[in-house]
Every structure is written in structure tokens, then in C-alpha cells.
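Asks: Below, each chain spelled out in residue letters.
There are 2 protein chains.
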Amino acid sequence: MSNLTAVPGTLEADVVVVGAGLSGLSAAREVRRAGREVVVLEADDRVGGRILTEEWAPGVHLELGAQWIGDTHHRMRALATELGITVYDQFEEGDTSYELGGRVLRGAAFHRAHDADVAAVERVLRELDAMAATVDAAAPWTAPQADRWDRITVGQWYDAQGLSPVARELLEICTVGILAVPTVEVSLLGLLFNVVTCGVSADLLSESEGGAQTQRFVGGTGQIPQRLAAELGDRVVLEAPVQEIAVAGETVTVRCRGGRTARARRVIVALPPTLAGRILYDPPLPAVRDQLTQRMPQASAHKSFLIYDEPFWRADGLNGQLISEAGPARMTNDSGMADDGPGIVLAFLEGENARVEGRWPAEQRQDALRAELARHFGPRAAHPEAIVEGSWADKPWIRGCYNANPGPCGWTHFGPALSAPIGPISWAGTETAVAWSGYMEGAVEAGSKAAAEALQGLEVSERQ
Amino acid sequence: MSNLTAVPGTLEADVVVVGAGLSGLSAAREVRRAGREVVVLEADDRVGGRILTEEWAPGVHLELGAQWIGDTHHRMRALATELGITVYDQFEEGDTSYELGGRVLRGAAFHRAHDADVAAVERVLRELDAMAATVDAAAPWTAPQADRWDRITVGQWYDAQGLSPVARELLEICTVGILAVPTVEVSLLGLLFNVVTCGVSADLLSESEGGAQTQRFVGGTGQIPQRLAAELGDRVVLEAPVQEIAVAGETVTVRCRGGRTARARRVIVALPPTLAGRILYDPPLPAVRDQLTQRMPQASAHKSFLIYDEPFWRADGLNGQLISEAGPARMTNDSGMADDGPGIVLAFLEGENARVEGRWPAEQRQDALRAELARHFGPRAAHPEAIVEGSWADKPWIRGCYNANPGPCGWTHFGPALSAPIGPISWAGTETAVAWSGYMEGAVEAGSKAAAEALQGLEVSERQ
Chain A
1 MSNLTAVPGT LEADVVVVGA GLSGLSAARE VRRAGREVVV LEADDRVGGR ILTEEWAPGV
61 HLELGAQWIG DTHHRMRALA TELGITVYDQ FEEGDTSYEL GGRVLRGAAF HRAHDADVAA
121 VERVLRELDA MAATVDAAAP WTAPQADRWD RITVGQWYDA QGLSPVAREL LEICTVGILA
181 VPTVEVSLLG LLFNVVTCGV SADLLSESEG GAQTQRFVGG TGQIPQRLAA ELGDRVVLEA
241 PVQEIAVAGE TVTVRCRGGR TARARRVIVA LPPTLAGRIL YDPPLPAVRD QLTQRMPQAS
301 AHKSFLIYDE PFWRADGLNG QLISEAGPAR MTNDSGMADD GPGIVLAFLE GENARVEGRW
361 PAEQRQDALR AELARHFGPR AAHPEAIVEG SWADKPWIRG CYNANPGPCG WTHFGPALSA
421 PIGPISWAGT ETAVAWSGYM EGAVEAGSKA AAEALQGLEV SERQ
Chain B
1 MSNLTAVPGT LEADVVVVGA GLSGLSAARE VRRAGREVVV LEADDRVGGR ILTEEWAPGV
61 HLELGAQWIG DTHHRMRALA TELGITVYDQ FEEGDTSYEL GGRVLRGAAF HRAHDADVAA
121 VERVLRELDA MAATVDAAAP WTAPQADRWD RITVGQWYDA QGLSPVAREL LEICTVGILA
181 VPTVEVSLLG LLFNVVTCGV SADLLSESEG GAQTQRFVGG TGQIPQRLAA ELGDRVVLEA
241 PVQEIAVAGE TVTVRCRGGR TARARRVIVA LPPTLAGRIL YDPPLPAVRD QLTQRMPQAS
301 AHKSFLIYDE PFWRADGLNG QLISEAGPAR MTNDSGMADD GPGIVLAFLE GENARVEGRW
361 PAEQRQDALR AELARHFGPR AAHPEAIVEG SWADKPWIRG CYNANPGPCG WTHFGPALSA
421 PIGPISWAGT ETAVAWSGYM EGAVEAGSKA AAEALQGLEV SERQ
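Quick mapping for you: the protein sequence lines, in order, are chains A and B. Everything in the first sequence is counted per the numbering used here, starting at 1 for the first residue and increasing by one. Everything in the second sequence is counted per the numbering used here, starting at 1 for the first residue and increasing by one.
It is worth saying that the hints were derived from the structure and are not from the lab. As the structure is a computational prediction, the values presented were derived from the model and not from experiment. Just to be clear, a hint being listed does not mean it is correct.
To be verified - Derived DEER-like restraints, expressed as beta-carbon distance ranges:
hint : chain 1 : residue 1 : chain 2 : residue 2 : range
1    : A       : 37        : B       : 361       : 38 to 46 angstroms
2    : A       : 142       : B       : 386       : 31 to 39 angstroms
3    : A       : 382       : B       : 420       : 35 to 43 angstroms
As the list claims (entries may be wrong) - Facing chain A, a subset of chain B residues (Cβ under 7 angstroms, in silico):
hint : residue
4    : 182
5    : 259
6    : 291
7    : 413
Each residue gets a CB set at the ideal place from its N, CA and C atoms; glycine is no exception.
So here's chain A without its partners, still in its complex pose (with noise of 0.2 angstroms):
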């Protein structure tokens, strides 16, 4: 990697990547191994985007960002055996903990006292299925009630289906958890969007967090981009925020703050929606491109790590999962190492958490989190040996996880700008993705997308 303040003169390739993140790192590497010349600019000091992992103590590894892999995430997972990352399982025997109704039960005590409520939330999971069935993850305008599904709110939609309170949290919670947004900010049609990308709604909203986070890692998911960069080497420039993709005839120019630019015959935007309507375009973009990335913005997520010196929970039956109605975690999840080091809890602050809680001092933030888990994993877990926080929405080269979703009437009035080229810009970005839109998968296979738009279009320009 370089840095561009030791960079001379303007960067040449046939094809400027904008962002070092997963996308943009896996559409370079395509097309370097398709004989063409790439330029990688990221914005920031790091490569790596959304996917930050912070090495805590020699083998013990936070991941900020990106953490998990799902069983279906095939591209995710043959980038990582290229690349000589194995995984190792979520640690996930044992009983989850539930604060619902006013009570703190676990596992088999919860759902004996809230067989109904479940039952209702599995009916209701069922039913988004059978409509999901219905939505193409690649259009999702298309589907046949996508006019009435997009204004409709998740939240809306929920309250209409006749749940218990209990019933009625437990789906908010684990569509929070997804959403990283309030149910009331996205329509039903987006989630359906969300469910169809990923399969069915048990691979992504089931409690159990079966489908999408199976495994993750040895040795961190910031291994990824760092093996992806290191395979660019200097092709990948830091500190080189775009701020113009300028097209001329067959030349597209990208300039960097500095006034520093690259010259390329392809551009492959890999950012946010967003982040990629901060760019200025000359020529300006369509309306309804310019439109639609004032209509995706960035989710609220916070993570807290809280460390013990071990995961004294598992010796008590529990697996360091919670579902709380109180927060400030909503959910939590038992995020220690494959060879079980210290104890690590990774505490969800999602959505209005992220907003409200996420925004307090860390201290009354944190005083508030250790009470939380005292009141499930018992007494000793007020007592971690650190506490590690990251909230996404403060990084000025990401501002906000875990991806973007349009509200309403989002999808169904701009939701073919998403993803559709113009001239020689592609867009890559997890949520261009058709298949695991949201995650690393996705962002692997935008970037791989984008990648194969863009020597397309180098081989039609050089045919003429």
C-alpha cells in the first residue's frame, strides 16, 4: 500500500477502484487477474472499510466491523481458503437469556412461559416468506404488490399482525438486529428485500442467528482486506478521498482532495449509496441517481465488547446470548476466540440504542451495560476487565453500519439507479449485491459485478 502524499504525479490505470473496502479490494483483484491496470483510492489511513478487526491482546481479536460468515457464503468462503484464512465455529451451546414481559428467564423456562408468543413469531416469519417468495432480490420493484408492500412500514405492517407485546418485541428486536434501524424506517417490501437476498427469514432473523453468522475468522476478518491489499500492493492509495469523477470522452478523471488525481477508462465506485452521492460527477448524475442516494442512509450501529478473563457463562449453561426488552443491548452474543481465551461479550447497541444509549458518556453507557449483563449472566459479569467500544456512524470515511436501506417508496421509485452503470462508472458496495446484499458476501460479489462491467466495457471501447 502508499500513501498519496508519496505518490508522484497522476496515478494511469484502465480502471479507478473508489474504496478499499471488501467490494472495492475484490473488484481491483478481478480485474488485475484479468491483465488490466487498476488504481485502488481509499479515503481513509486503512483498508478495510466496514471491516475492522482490533487485536486487543496477542490472539485476542475484536471485530469492530464485519465479524461472521454464514454456511451459504460461498464466494466468503473461497476467498478465505485463496487467501489462507481458516474459520472456526460461534460458540453457541447453551441457553439464550430473555428479558420479556417484565421478567428475565432462560432457554427452556422462557419458552415454556412464551410458547404462544414464539409460535406467533414463527407464524409471522412464515408469512414473510411466502411473500418473500414473491420479490426478486435483483428487482425487487417488480414483485407484484411491491407498489403496496413499499408503503407499508415494517413497524406498521408488525402491528397490524395481531401479536402479544412479548411476540410483538422479540420481532422488533431481531429485525433491529438486521435493520441496525427501527422497523418504522424501512418498508415492508425492503425487508422482504432483506429476507430474499438472504434466502429465507429463518437464515436471517431466526434468534438463533442460524444462516448468516455461523463462523468466523481465525486470527480476525481484518486478515481479508489486508491480504487483498498486500496482493495490490502499491496499486492501493490511502488518504486519497475522491471528491470528483470527471468524464470526457473516453477518459475518466478522479480527483482527490489535494487536487491530486487518476486517470482510468473505467471507474467502480465501491462505497455506500450515501458516501457515493457526496462525490461530485461531471457530468451530474441522472435525478433519480442523484435521488436515490439521498434516500439510503447509513444504519446506527454500536458495538461494546466487554472482557473477562474467562466465559464463566458456559460453565453455567449459557451462551453468552441475550434478548432484552430493556437494554441498553438489545441482543448480545458470546464473541470469545476458537481457542477459548478470555471471556468476550459483544453487547448490540442497534438502531434507537445506537442513537439514544450509543450517544450517552461511555461511562453511564458502560455502567448501564454491566448492569444489563449482571442481570443475566450473574454478578461477575458486572466486573469485566475492559470494556472496547466502536459506533460506526462517528467514522468519517463510513458514517454508519451495518449497511442502508431506503424507506418507503425507496425501492419501488429509485431502486433501479441502485446498481445500474452509467457511462463508465459502475457501482459496487455490499448493497448493490443480489445475494447477501448487507454482507461481506455481498460486497464480494458487487465488487466481482462491477469488476466484469468494467472489462467489458475496456474490451468494447478497445474493439471500436
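Chain B: place on chain A using the hints.
Replies: This is chain B only, laid out in the frame that chain A set:
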């Protein structure tokens, strides 16, 4: 006015204003009047922002942007008087034509046929007024029921009012006429903010367009920004898109496309929130401010003026207004001059119509508009001398009209970041106004407030 390319060196001032719309120019004027030096940087090659008057023929002015002032727009009236610009009454004599419930009916006939529907709409408006009375336009998130109202969309709440299809449609058309997005894209709290910022719903939503749109400017609205800019002279710099605002110590450095800079101690960003969010801030802005700018999309509005040799509908007892379920225009207006020159019908395509018919090829859309007007105003309406159109989402330095409203949870989770200054940065633009937010009146208020903040900031720093 000057052009950035013609101005040598770094621009220096006490205050830099970003954006030469009405709000920015108003702010600059007040800064100058307080004896401080100001530079206004405008991205476009003209001043006015969302004000744009086209002189179609000598003395015939088409308002492609802001057109009317209301009876209580005291700041705008005072400003116009100071600038020597007079007003004339919007033509309103005669019947409105309705196309609802599958029939075209005019005035009294419609009211006879739909007496109960109109009464039901009026009942809903009274209920909105009662709710709005509990909302503080300066802090909508403090309303006792803010949390609940911000999780319901306007469309959802309207649907729950037990209205007939005709009454529901009438309410949709009137509301979209204000918001310029489908009612499912804005929360009930957002609509209540729109009501209370304008007084009562009758000022805003009533089909008579009473409060907000009673008079127009002789010679065109465009004279107002032009005369304000003329007063400021070379302090207004055109074709100077701001890409970066850097704060270091007591100095703010504002960098334009191409690298030219302006330096000051305070800056006023007088742009719609979404465009303000496209600037790179150094140091980065707080998460809450950044995420707000991701959540206030510019609305979708398109104006089509159909121009005839005379306003023939007037002789037929029609006022040139229609309200239609069929479209493409859901509303029209007689946009003739003060002196009864040519006949001009202004057809509004707002919200979904701006996004559907607004994207049609011009010929297809204009054929549909001619046919629609003929249904209401007779066969002469099918043969305009000319059609002039303007779509605001296309304009690269505007990207949507009339203004911006956040979606569900926007006001309660991000509202305080809309107008609170951040260090030496103040925010203007009509969206930040308390009274008549979204209107020219609000733009002037917002400019005035931001200028006061900047002036006070200068004084405080000088006393230290």
C-alpha cells in the same frame, strides 16, 4: 457578482457564506449591515437557488421555482418593499375543477356531490390542528406525543381516519402539494411540524391555497436574489462549488472545486441539509449531524407551464385550478401575470408524479398534460402556444424541491442537529427556520438567525 476564475488569490472575509440562495444572500446582507466583511460562494453560475424566474416573453415571467408569498410572510414583504419590488394578487376568481371518484365536476357541483367528503377532510384538518398545537416548531421532538407520532407515517394515519376513497384522495393530493413526496415518506410528526411552522392547516393544506400562496411579485421572484446579490457586488462569487470546510484555531478555510480557498472566522452553510452533507468537514462533524444529512432528502417536484394566447378559462368562470386523481398533474394554478397577458396554467407534478410522469419523455408527458387540461378547461386547453418545464431534481446544485422532510424517527432521533451551530459553522437554508420552514419566508428567517450567530461569534472571539 464575480466569477471564481476571475478573482485572484485567497478570498478573505469575516464570514464566508456557502450558497447564494435567498437564505445565504439574506445572511450575507445582515453580516454586511453589521459592518463585517462577507464572501458568498455559489456553486452555480447564477444566484437564487430554488428561486428561478424565466422571462418567457417581455413582461411574461414563469416561476420555475418559488412563486408565491402568503399574507403572514412579514419578512418577505418587508424585504420586497426595501428592494422596491411590488406584489399582485394570485388570480382566484371562479370555480376549481375536480376529477375525483371517476368524474370531472366543477365548483358547486363537486361540493354538492361530495359534501360529506369535504366535511370529512375538514374534520381531519381540525384534528391535525389540535395535535399541531402541542408541537413547538423550534423543537418538534419535545411534543408530548412526539415519539409516537414520529413512528407513524402521514399516509398510515390518513388511512386510519375512516375516510371515503374520494376524501382520502383529496387529502393525499393537498398534502403532497406541500410535501412533494408521497405521504408515506413523512412521519405524522413531520406533517405536524409543517402545519405548525405555517400556523394552522388551513394556511397550508386547504384546497384554496389560502395562507401560503396569496400573492406574487411583479416582474418575478428572481429579482429578489438578483437585487440582494447586486447590493453585495463582487462579494458574491459564482461557479465556486464548496467541497471542504476546515476549521483550525480561529480560522475557517473553505475550499472550492479546483482548489481555490476563502478564509474567515465564521462560515454559514446556507444549503439544504442533504447538500450540506456532501461537503467534507475537517475535523469531521459529529455523527448525529452527519446522519441527519443522510435522512433529509430533497423532495420531488416538477413544474410544467402551459401557455395560451389568453386565460380563456376565466371567461368560463374557472379559476384555472384543478384537483385530479388522474393526473399527470394533481393540481394546477392560473399563473398569469398581474396585467392579464397570456393565459398560463401551471401544472404541478409532485411526489410520485414527478418520479413517474416527470421521467417520461417530454412529448409523452406534454401530450398527457394537454389531454388532462382539455378534460377540465375545454378543447382550447389542448392547444397551448408553448409548454415550459422545470424539474428540480435534475439541477446539480439543487437536486430536488420544494424542501426536505425527514422520514420516520428523523425528527426525534436527529432533529436537534438540524440548526444547532457547530463551532464556527452555522446552518441556514429554509429547512432550519422556525416559522414558514420550507418557504421563502423561512429562508430569510434562517439567514437572519445564522447571521446573528456568526456576528455574535465574531464579537465573542474579539472580546477574548
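Asks: Would you mind marking each hint as holding or not holding in the structure?
Replies: Cross-check of the supplied hints:
{"no.": "1", "hint": "A:37 - B:361: 38 to 46 angstroms", "verdict": "holds (40 angstroms)"}
{"no.": "2", "hint": "A:142 - B:386: 31 to 39 angstroms", "verdict": "holds (38 angstroms)"}
{"no.": "3", "hint": "A:382 - B:420: 35 to 43 angstroms", "verdict": "holds (36 angstroms)"}
{"no.": "4", "hint": "182", "verdict": "holds (5 angstroms)"}
{"no.": "5", "hint": "259", "verdict": "holds (5 angstroms)"}
{"no.": "6", "hint": "291", "verdict": "holds (5 angstroms)"}
{"no.": "7", "hint": "413", "verdict": "holds (5 angstroms)"}
Checked against the numbered hints given earlier, this structure breaks none of them.
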